[in-house]
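Engineer: Based on the sequences and whatever the hints tell you, model everything.
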Amino acid sequence: MSQGEYVAAAYGVVFVALLVYVAIIAAKLARLERETAELAELARTRHADV
Amino acid sequence: MSTSSPSSSTSKSAVPALAALAAALVGIAIAFAFYVAPEDADQGISQRIFYFHVPIALTAYACFGWGAVKGLLLLWRKDERYDLESYVAIHQGTIFGSLTLLTGSIWAKASGGHWWLWSENQLVLFLVLFLFYSAYFMLRFSIEEGPRRANISAVYALFGVVLIPVSFLAIRLAENIIHPTVFTRDGPQMSGVMFLTFCIAWLAMSVLAYALYRLELLGKRLDSNLRELRELLT
Amino acid sequence: MSYLADVATLARKDLRLELRARDTLPAMLLFVVSTLVVFHFALPEGADEVAAQGLLWVALVFTALLGLARAWAPERESGALEGLVLAPCDRSAIWLGKAAAVFAFLSAVELVALPAFALFFGSVDAATVAGVVLASIGICAVGTLLAAMAAASRTRELVLPLLFLPLAIPLVVGGVGASVSPEPGRYLAFLALYDAIFSILCWASFEYVVSE
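Protein chains in written order, with this note's numbering: chain D, 1 to 50; chain E, 51 to 284; chain V, 285 to 496.
Please keep in mind that the hints were generated in silico from the structure rather than gathered at the bench.
Beta carbons are placed, not taken as given, at the ideal position from N, Cα and C, and that holds for glycine.
Hints should not be assumed to be uniformly reliable.
Derived DMTMM-like pairs (lysine to aspartate or glutamate); straight-line CA-CA distance at most 20 Å [claimed, not checked]: (1) E:Lys128 / E:Glu195; (2) D:Lys28 / E:Asp273; (3) E:Lys270 / D:Glu5; (4) E:Lys270 / E:Glu281; (5) E:Lys270 / D:Glu38; (6) E:Lys128 / V:Glu361; (7) E:Lys270 / D:Glu35; (8) E:Lys159 / D:Glu5.
Stretches of chain D that chain E covers, calculated by requiring three or more beta carbons in the stretch to come under 8 Å of a beta carbon on chain E [unchecked claim]: (9) 8-20; (10) 23-33; (11) 42-49.
Structural biologist: Listed below in structure tokens is the structure:
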């Protein structure tokens, strides 16, 4: 590998790590979205009962 | 039980601005590192790894320090909020620490010809810290949630900041017995533009780490608020 | 003075318990001798004496780990730690008493291990002995606190080595330096510095580890 490629690799590693972080946050957001939907559903049925 | 804080309404507005600032600063830092800073006379293009590698390392130290400060506040004021903040700061520090190891390894290969050099003090230190803080997560996740876990995590975080200088000293001392140092990366002094680039990159990494810290904190608080809501509803 | 009396009482209690049950000390002694024998076969023919000096430190650290894993076992098994924490003595005295007891065990092991090492691998000089004493203080101070942390976790014995080894690296550096360097003074000074810093930290923070 040439020197330039090593530089590209170093910056690439940081970039990929950031992308992985975004992916993890996205997965977490999806889970939170599902949970809030569940809770909203729960609250709605509770509201209808009363 | 509540982990929500009165400041959470203000932090929500701060995170997007922080993220935008971090994005802008990282963009400027990359532009400076590749187009403004002059090529290093000795090392050529591979010296440009320095502009990200060293700021990432410094940011990792700052995160570990921040985690210890929050740990100290927890022990002092007994507020559960600090436990979460300390944990998130150390999590960020570990991420940046791993990045330091990766970029440092690439730099060692580019400038020294080997993927791992025991003569690189900072790399060795980060390996020790990486092991130490990995154990933090092992410990934390094997203790039941509660004030005891918060206390133990905080004390361990404090041990971390004490270990950093002690380990650094130890690694410097070990150098003399294991192999006399011949390879140094210092080289000639940085020029003004190089130093400016370095400072911009450092600022960019700090803001990025802080933005990620606030983002993760936001997620964790949302999580605990939701759990509380679920308990109230069922 | 009553603080020191508390510490002495707690340490004496551990020693007496060990004398009666004989759980830990024989195991540590057997372990360290076995390790040295294993090292004889692990070192290839013609390996120099310096390599053996390094292995001595590995043997000591792992033997200490064996003892530390059991350090809080009596309290945990009988649920006595909660009682001790509530007792009208300073909580740091509990740590100091336990560390003193562990230090006594480790010293006993070293009294066997160092002559055994000298017998199997060659000489042990004064600097090595000084290094062993100083490093043992650090091992006991830090190890006792980390063992108390590990005792609070579900994984216990599993997590203690993970916590302890990164913190033991500076001790190994200082100890090996004292053993092999022609001028051991700075390594001994470093060990003393480590002991001072971490003893103070452990002493100050122990009460948070055991209390809610």
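Engineer: Take the hints in turn and mark each one as holding or not.
Structural biologist: Hint check results:
Of the supplied pair hints, the one linking Lys128 of chain E and Glu195 of chain E holds, its CA atoms being roughly 15 Å apart against a limit of 20 Å. About 9 Å separates the Cα atoms of Lys28 of chain D and Asp273 of chain E, which keeps this hinted pair within 20 Å; it holds. A distance of roughly 38 Å separates the Cα atoms of Lys270 of chain E and Glu5 of chain D; the hinted pair therefore is violated under the 20 Å criterion. Proposed proximity of Lys270 of chain E and Glu281 of chain E is supported: the alpha carbons are some 17 Å apart, at most 20 Å.
Under the criterion of a C-alpha separation no larger than 20 Å, the hint pairing Lys270 of chain E with Glu38 of chain D is consistent with the structure, at around 19 Å. With a C-alpha separation of about 29 Å, the suggested pairing of Lys128 of chain E with Glu361 of chain V is violated against the 20 Å cut-off. Restraint check: the Cα-Cα separation between Lys270 of chain E and Glu35 of chain D comes to about 14 Å, which is no more than 20 Å; the hinted pair holds. Simply put, Lys159 of chain E and Glu5 of chain D have alpha-carbon atoms about 11 Å apart, close enough for the 20 Å limit, and the pair holds.
Check result for the stretch 8-20 of chain D against chain E: holds, 6 residues qualifying (beta carbon to beta carbon below 8 Å, three or more required). Counting residues of the stretch 23-33 of chain D whose CB lies closer than 8 Å to any CB of chain E gives 4, so the stated coverage by that chain holds, three being the minimum. Residues of the stretch 42-49 of chain D lying with their CB closer than 8 Å to a CB of chain E number 3, which satisfies the three-residue condition for coverage.
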